[in-house]
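Colleague: The lines below spell out each chain.
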Amino acid sequence: MQIQPILSALRRHKAGTILIALQIALTLAIVCNALFIVHERIDRINRTTGMDETNVVAIQNRYVGSPENFVPLMKSDVQTLRSLPGVEDAYVTNAFPLRQGGWSTGAQTDPDSKKEGVHTALYFGDEHTLKTLGVRLIAGRNFSPSEVVTVQPQQSPGAPQVIITKVLADKIFPDGNALGKVIYLAKGKPSTIIGIVEKLTVPWIEWDTMDNVTIMPVLFNSGYQHFLIRTKPGQQDAVFKDAPKALYAANRMRVLPEKYGVRTFEMVRARAYQADRGMAILMSVVCGVLLAITAAGIVGLSSFWVGQRRKQIGVRRALGARRSDILSYFMTENFLIALVGVIVGVILAVGLSQWMFTHFEMKRLSLTYVGIGVVALLALGQAAVFAPALRASRVSPVEATRSV
Amino acid sequence: MFGYYMELALRSLKRSRALTALMILAIALGIGACMTTLTVLHVLSGDPLPGRSATVFYPQLDPRDMTDYEPGTDLPDQITWVDGMNLLRSHRADRQALMVGGQVATQTTDEHTDPFFTQARYTTADFFPMFDTPFRYGQGWSSAEDDARSRVAVISSELNDRLFNGQDSTGRTVRADGNDLRVIGVLKHWRPVPHFFDLNMGNYSGSEDIYVPLGTARDLHLARMGGISCWGKGSGEESKMETAQCTWLQFWVQLDSPAKASAYLDFLTHYAQEQKAAGRFERPANVRMLDLMGWMNDQKVVPGDVRLQAWLALGFFAVCLINTIGLMLAKFMRRSGELSVRRALGASRGSVFMQLLMEAGMVGVVGGLAGLFLAWFGLWLVRLQPAMYAQLAHLDVPMLCLTIALAIGATLLAGVLPAWRACHVAPALQLKSQ
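Line order of the protein sequences matches chains A and B.
Taking this note's numbering, the leading residue of the first sequence gets 1, the next gets one more, and so forth.
Taking this note's numbering, the leading residue of the second sequence gets 1001, the next gets one more, and so forth.
Hint data in this document are derived by calculation from the structure and do not stem from the laboratory.
Any given hint could turn out to be false.
[To be verified] Result set (BS3-like, lysine-lysine): computed pairs, CA atoms no more than 27 Å apart in a straight line:
#, chain 1, residue 1, chain 2, residue 2
1, A, 115, A, 189
2, A, 171, B, 1300
3, A, 363, B, 1300
4, B, 1300, A, 189
5, A, 232, A, 131
6, B, 1233, A, 187
[Claimed, not checked] Reference listing, derived: stretches of chain A covered by chain B, where coverage requires no fewer than 3 residues with Cβ under 8 Å from a Cβ of chain B:
#, region
7, 194-208
8, 275-285
For every residue, glycine included, the Cβ atom is placed at its ideal position computed from N, Cα and C.
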């Protein structure tokens, strides 16, 4: 394939050539960064919570009126829920994974430490918590009913026994023998680690230490809380409908918010990652449309060039060029333009990624994506130019003798 | 002439329909994407107090102990009760208000109505004049009523509609967490975007429905909501919030001139030094006072995703525009023959240029209109999202004008280079070669 004639022909179409190359470069820069964002968001969405998320229903509750003590109400409500047909287990808590709101504190080994300690999220619960959440205890034991303590709103929460996650245990006690050790989650309140669970994530989706969680056997005296229910397989829909009715039947003086009051865990998850999903979809759509427009632009411009050069093509054909020669001429021409485009595009893509790294606190673009983008755009160019090139190859040698 | 050019342009556009459609589609998609994202950005980064935001400031102090102290650490976002009260009572600013958010069960004195939860704000007298809240009936309370901890309330027009059917309810009673409060004012619809005075409630949350004097709210133990940050022996124990080592209130001041602002900053520094000398503050005196928009910026109120989307759309628009320029160039160049004939018959270079520009402009107008429609559709899609800011995304007049200007300007720009190139083709050379 002679590249020289192609280059000298392109020199006569400078503006068009530069525009196509520029378009390919910009498309590459945007598409590989956008796909990288899509990939990151999907990774986030697919993170696990450590729970068995199927057959879980979460209810947000708020008591109306101001009794001094909400604890008896909470206890009887949990009993009501546990006695429902279709319910496997239930408990009352302040927060749970993906809830997007909860408590955190610092865990320390030294009661007099001036340091902040290791950050951990706090979940209140009881002996039913592990079973309801479906998390795996890998060391130690579960709480016993007698270990559950009542905490008043003005007290800082602390319990003599706690269960923590493996990640948190390893962080506080790097030697790996956390079980039975004492930690301080509140000033002057020692807590013995009686159990370690494999994995459980914090209530937030954006946190430095996603797996640092402490479960306390605590009933927190407050008018606002969440009931978490594990249903028997296949009973989730029934419990979803019956549980609020049963709660209202037990006591009308409560509000379950219309929005997000009663949710299955699928709904909790969908809500938590809604923004990420939206962004991933938007980015994908933009990539698709961008590629389509670039392809259409190449088709359009190549068609024009073919139309403009019919006579020259005819002359070449008359002088003995085969159809395949004409075809490969246009294919090569596009390849050369696209090659310049992707080279500029790679530089742009890396620059763009660097800019986003500083302005949007994002990770740096992985080179795999640049590679995928380069191959995709070169292939796209070849595919787009194929139809016009084929049309060019069908130009009859007779064209040489015709005037336009 | 204009009509003739128009006819020529139409003829030419009709000759290659697919290509014309592609150009229009590219412009429309680019404009639509740009305007949708820019409108969202425009709404979210708007000024909640147009005309006054430069005179409203958010002073910050650092009352924490030396634990984890490092020079240059960020100041707390909020203020303690003691500092808030000291600054409030010093009256050094033109206006000042101390506040915190809350939530109360609200109902009328009619026993048959069910209570419902409403967002509340516990604040001091200057809140209303400083933030220029519009009143439908009555007015706010005075600082005398603050001091007397009067049982009064200002309610939103939405709550007034719900409780009192929109009638003038001043003088009537609203019950908050079982406490009777006399309504002294009803606001008109007021929703500053962002919810600047307390970002703890959500950057774009709606406004509160009931406003109660801060002292009254503390007396009645109305439920407090929002961020709280403690150090040392501080804990969130509700009955000790007034003395706790916790920051949990927002304090805003209005300073009408730059001279007053710098004087107030001096006063703050002096106050911090005094507190350190008295042993209340342990850290070196460190104060900051940003104006409203500066504080919004500092708190990164506009979501990063929204800014990213706007940039993405701009890039997308650039590709669409380049695409259109390329196509238009190819199209015009292909008509060199026709243009050469016109030139040879006496048309000036300028009139050929104008003719081609007219063609480009037509693509721009149609593409712009289609883009406007797409933007309108895109914003409708945005409003379907449940994000707190979603329902705010509406196209306003400035953005509408910007859309149209952007469309026509962009396409003319896209037309200039191709038309310029095409009208510089030497007619003789073209005619001879054929």
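Colleague: Indicate, hint by hint, whether the structure satisfies it.
Modeller: Here's how the hints hold up against the structure:
Note on residue 115 of chain A and residue 189 of chain A: the hinted pairing holds, with a Cα-Cα distance of about 16 Å set against a maximum of 27 Å. A C-alpha spacing of about 31 Å is found between residue 171 of chain A and residue 1300 of chain B, which places the hinted pair above 27 Å, so the restraint is violated. Taking the CA atoms of residue 363 of chain A and residue 1300 of chain B, the gap is about 19 Å. The hint holds against a cut of 27 Å. A distance of roughly 37 Å separates the Cα atoms of residue 1300 of chain B and residue 189 of chain A; the hinted pair therefore is violated under the 27 Å criterion.
Straight-line distance between C-alpha atoms of residue 232 of chain A and residue 131 of chain A comes to about 12 Å, which keeps the hinted pair within the 27 Å bound. The hinted pair formed by residue 1233 of chain B and residue 187 of chain A meets the criterion: a straight-line CA distance of about 9 Å does not exceed 27 Å. Under the rule that three or more residues need a Cβ within less than 8 Å of chain B, the assignment of the region 194-208 of chain A is violated, with 0 such residues. Restraint check on the region 275-285 of chain A versus chain B: 5 residues with Cβ-Cβ distances below 8 Å, three needed, restraint holds.
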